[in-house]
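Novice: All chains should be built: construct the whole structure from the sequences, respecting the hints.
Read off the chains here:
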Amino acid sequence: MTAIIAKRLVAAIPVLFGLSIIVFLMIALIPGDPATAILGSYATPENVQELNEDLGLDKSLPQQYLAWLSGVLQGDFGRSYALNRPVIDEVLERFQATLILAGASLVLASLFGLLAGIVSAVRQFGLADKAITLLVLIGISVPSFWLGLILILYFAVKIRLFPASGMEAVYGGGGPLDVLHHLVLPAVTLAVVATGVIARLTRTAMLEVLRQDYIRTARAKGLSERRVIYVHAFKAALVSVIPVIGIQAGFVLGGAVYIETVFQWPGIGAMLVNAISQRDILLVQGGVLVVAASYVLFNLLADILQVALDPRLK
Amino acid sequence: MSAVAAEGREAKAGSGRPSSITLLFNNRLATFGLSVLVLVVLTALLAPILPLADPNATDPASRLTPPFADGHILGTDALGRDMLSRLIWGTRVSLAVGFSASLIAAFAGSTIGLVAGYAGGRTDQALMRFIDLMMAFPYILLALAIVAILGPGLINALYAIAIVNVPFFARNIRGLTVGLARREFIDAARLSGKSSLAIIGTEVLPNVLPTIVITLSTTIGWMILETAGLSFLGLGAQPPQADLGSMLGEGRKVLFTTPFVSLVPGLMIFFIVLSINLLGDGIRDVLDPRLRSGALARPSARTDIAEDRVAGQSSARDDQVLDVKDLRTEFRIGRSIHKAVGGVDLAIAPGECLGLLGESGSGKSVTAMSLTGLVPSPPGLIAGGRIGFLGEDLLDVSDKRLRNLRGGDIAYVFQDPLATLHPLFTAGEQLIEAIRAHQDVDRAEARERALTLMRQVRIPNAEARMDAYPHKLSGGLRQRVSIAMALANDPKLIIADEPTTALDVTVQAQVLKLLDDLRKERGTAVLFITHDFGVVSEIADRVAVMYAGRIVETGPTGEVMANPAHPYTRMLVDCVPVMGEPDRRLSAIRGRPPAVDKLPKGCAFAPRCPRAEADCRRGTIPMEVKRGRIEARCIHPLAPGEALETGA
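Sequence order for the protein chains is S and A.
Count the first sequence with the numbering used here and you get residues 310 to 623, in order.
Count the second sequence with the numbering used here and you get residues 69 to 716, in order.
Just so you know, nobody snuck in bad clues.
Here are the simulated BS3-like cross-link-like pairs (lysine-lysine), alpha carbons at most 25 Å apart as the crow flies:
1. A:Lys-560 - A:Lys-468
2. A:Lys-540 - S:Lys-623
3. S:Lys-544 - A:Lys-540
4. S:Lys-316 - A:Lys-540
5. A:Lys-321 - S:Lys-467
6. A:Lys-407 - A:Lys-669
7. S:Lys-544 - S:Lys-623
Keep in mind the hints are simulated off the structure, nothing from the lab.
Specialist: And the structure:
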């Protein structure tokens, strides 16, 4: 198992390398003069000159990349001009909040998605199946940023059960319980689409597995239907659903952009939206790189989990 | 199972395929989605000629009026602009942007996929590596990065969403194209001197078009949603230009006072995406029937039994372990009924081994599965008969009782142990599970018993094999594990369904001998199913020959093999090579068994029988030839020792 983990980790390196090149190229790809774009039209020529030297924009692209990469590897992502602080500080602070939100959503989505998928498959064509299929369809069609607003209107404004925004109460806030209280609405909103996708694929995977010969064997052994479905069929279906959950990690990390904006969650998504509006490209660059890298690691984790479950993949 | 699949295919071919459009309209949800979409698109298209207020005319005096007031059907927004008008014009922009993004993504992605798949080699490698890299980014994040580069704006958002959707098309199309590029008709086109561009355009593209349409129908909803999302974040449409997303974003500022202003555009996005998804699911079902949910029916825990089942009117014979009378199992697929088992009688005495013989599709496996209700329902249905097992009718017992019998008194050994053992559990776990399903013992005790069983079926190094997964074991060892599992609870009857067919010949002989030794040691009755008279002669005391769902001949193995009465049995016997007679001509049986939903009148074998005469095709042939202990269903039986004139 250790060997397999090591192997997958090594395999992830070229992907991370590729990601870094694309993210690096963001600045080079900016139409016109990057320094002017970053500093805005009121920048003095001296400012532009200074930034050009800072970013090494007067050197060749490969040289620029190497300089940038060595900085990144040492935790130097440059400086945010809008916030006037190192990019890395801002990104890491924000990333924690995003990780809490995205992690909670992914857990919710996996839990309910798997459950709904199983029930749907077991009750195929029954009332529960039809209801779940309809809910799933609604779930993957609903704009999450709109759903968030509706949930705020009902749960925060009308019945005042959960706070409408933020991660901690402004006065006397803090602590895990307070964060959890603030987490409920955004996490649920963010989880809806992923839950739908996971439920859909779990249903298909379960139906596929339930037709396999080894399920007939399990029944021929005299096992209870509960054991046939929740142990024999589910374990086999899980193997094909896990990569889907890995991919959903990407949709949840990306979808956090909307949810963090709607709920004013102090995460990296809301930060990116502000940074883009303010043309704070270095901050965008740092944020995108960190989130993308974490997505690669999420998938790596899913990959390893799948191998752990399925001995045939070793 | 394969018989069912084959029958399903035939049924489809016979019914004549309705056109794709008809199928689409048969799907009620898809039709609903299409109707909503057409309505929305038409309204958006007609926006310039509809009697609407100017969507951008501000009127501070009547800001945020509620719906249905002052001639504003949907009220006004924070600047006093008419909401209905803005909604329709905004929908127009959203649809235009979403559809354009989809078409750009489809065009660019499909082109990349076609080129990569057709060119192969380095080009393929380079392109697909790049596509993989794009997919390594979280979806929306990549779009954000692109907007960050290009700057906020509706057209830039459109490009961003189009670009992040390119990989979905590129991957799907490339996968298909790689397969197509190696096909003969592409080679032929190449040899005829067509240019690569012409081949891709005229030969490959038509074949990948359905996949492009499917991918489009599943991604277009997202694309509309995500472009609206970017506008919502303020990165898409910039004022005064407005799409549904930016309307929602602006409305959010007055969310707490006038929620209506943001809820309406959001609802519109939802309806558009929902209708597209409904339509997309319908399109996918039509173009890719393999994915249709109905094609993946879930088999129930027990075969359905017809409510009007007529139990065989014979007295229960307690001297028999198994006493099956007039068993009828059918598959109901659409409107056709496939009578896989059409009235089978079987009896097995304690300690006896009955060989059930027949070609594939003769109904022997379905008979075996019917005994404990393992035929998948739907489409399986036990239509009639009785299954006597030690005085009980298995068609009458409760589900709980049946579960106790399965793996308890009645155990199965199936054909292909790689498919029939669970791939994710070790041999030991599966054995222990079988034991604990029927015996009240703790894990340690069960493990001991499992180990003993593995030694009894002569698995060398049993201790280590306990922790091996099925794919790590050889075919012979796997089948020994299956046999150990069948023996786990001292069954009275073992049903072995082609247990040696998937094994190679030497292993086959070993497994056969093992099974024979064990059943003799334990006095277990065996129903042994095979298509091979050579195998059956090694193990069975009696044989029953099945054809098109019915028993056509039965008797002691030796007698039947030496002097069969039914021409079909003769042919099966003649298929077996005999040691020391290399010159003997092995005759294959001409023709194929009849489809069980279109059985001929009279003898089902008549169309393939060299001895068939007019009277064979008239009425039902009873099992009335009795010669010694042989019984046969034939009105022109062979005399003892008579050879068959094949007329070939």
